[in-house]
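> Assemble the dimeric complex from its two separately framed chains, guided by the hints.
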Amino acid sequence: MKGSLDDQFFDLACRVLNYAIEFVNAPGYASLRLVDVLKGLLELQPQIEGVSRGEFYEKVRERLESRELLRSAEDRSKFLDELLTMFVDEWRNTSLR
Amino acid sequence: MLNVIKTRRSIRSFKDQPISDEDAEKILDAARLAPSGGNRQRWKFVYVKDPQVLRMIKNCSPGFYGDAVAAIVILLKEEKEAFGRTDYSDIVGIMDVGFAAENILLAAYALGLGGCAIASFNESGIRKVIDAPEGWKPMLLVSLGYPDKVPKTPTKKTLSELVYLDRYGRKWERLEGTG
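Protein sequences, first through last, are from chains A and B.
To convert, count from 1 in the first sequence and add 108; that's the working numbering.
To convert, count from 1 in the second sequence and add 184; that's the working numbering.
Keep in mind that the hints were calculated from the coordinates and are not lab data.
Hints are supplied without guarantee of correctness; some may be wrong.
To give an idea of the chain A side of the interface with chain B (calculated C-beta under 10 Å), a few residues [to be verified]:
#: 1; residue: GLY111
#: 2; residue: ASP115
#: 3; residue: ARG123
#: 4; residue: ASN126
#: 5; residue: ASP189
#: 6; residue: ARG200
For each residue, glycine too, the CB sits at the ideal point set by N, CA and C.
This is chain B alone, in the form it adopts within the complex (with noise of 0.2 Å):
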């Protein structure tokens, strides 16, 4: 698990390879056992693999590269309150569809798949083509497929620029020279 998080990377070149139904159901099975707040699970996947409803996702999303063979709509049930709060609700859904888009990811990799999360689309676009319902909003599409090209890592900062020990500031000695 570990070495799946550590070597995952953002794929935008995919081959030309379509993606098993079982291996899509066990991707869509990960996300619904994502985190939520309050277990709420208020969210909805669309799994898009008509290559003419794909195609009309990417027109109607500037962020989708490369040819994808498959997607994944993720949809945010649209609240006005959550936990007794009216400034919590959206906070708390975004975070609940980063955790879905994250084992998304994980699980495709595992698989052998790749993917990008892409939050630059047209929402209205979007819901148009896949008939979204009044009170859910499409957060964030997942594009899909096999790695075609798989980009270097890319630098990321170690643990001790941003990991610090039981106060803001306070280094941790053990991390210092790490990567």
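Bound conformation, chain A alone (with noise of 0.2 Å):
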């Protein structure tokens, strides 16, 4: 992973996000878990100097924090893919020429 620290902070948090979706139809809790690494990862972000995209991350915090409980995978894929898209669209936002 290279570039900026704050580009390794959203590239490390983008994958975190990405492994929760790739393990979204497995059995157990590792889905799950994963999206509480990626909570805890955003709530760390504000402590963590050099990490900006502020609005961004906060924005994710609230969608985490209303998430209901979601019982089915499906359900749960659809959330995580609404995390992506946001993801993607920050990128787009910031990182393309």
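Okay, structure coming up:
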């Protein structure tokens, strides 16, 4: 992983989200726990100097906080895809030439 | 050609060295010329060399190892029917993508490059990142770059373990003891 601390943090968060999506249909708690890791990571963001995009991460945190109990894998998949869209939109708006 | 097939390795560690557009074109041309069921060529290839796009492709692909300097996304046109059979289309399409990927990997190796086929990726994420239209399914990624570390040749089954003559189970004597 290369680039600024800001980009590295973004990439790490985005990868954790993608791993959660990878496991969404697998039995067990891997996907749910990875979403917890993502949540924990984003909660650390305001405390890390050099990591910006505060407004974006705040929106993701709010969305994570507002999630209801998602019982089916289909609902979880939809929710995670929504989060991924937020990441892709953020990347598109800030990183593409 | 046989030597290329025999010595190619899947590369997951790359040098920070760009691929020339000329070489990229040769590799993509090899993909274009791969066989396809009914010669339908229902594929598209997105060549990714922008570091920012590549970065996001990696983020969405748990199976993407190494800092490749480029990647090819192979997309398959989704069809409900092939050769009059509804249960056939995906199978033929998957094989076509495999043929194209092998051509990509062999062409890359012949040019001094290396790469690895990657099936573990988030399809929805890749779709969003490359703006894939509806009806075109990202099926496989191939990472590309100049090899940094070349892995050892893994143990391969011998011909005698894999090949039968005329009917399943009948050994072909000439293959006994071959590597």
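> Are the hints correct? Go through all of them and say.
Here's how the hints hold up against the structure:
Look at GLY111 (chain A): its Cβ gets to within about 7 Å of chain B, closer than 10 Å, so that hint holds up. For ASP115 (chain A), the interface hint holds, the least distance from its beta-carbon to any beta-carbon of chain B being 8 Å, beneath 10 Å. Below 10 Å, beta-carbon pairs count as interface contacts, and ARG123 (chain A) has one with chain B at about 5 Å; its hint therefore holds. The beta carbon of ASN126 (chain A) is positioned within 10 Å of a beta carbon in chain B (closest approach about 5 Å), and the interface hint is therefore held.
Evaluation of the ASP189 (chain A) hint against chain B yields a held restraint, the C-beta minimum of about 5 Å falling below 10 Å. The closest approach between the C-beta of ARG200 (chain A) and any C-beta of chain B is roughly 8 Å, which is under the 10 Å cut-off, so the hint is satisfied.
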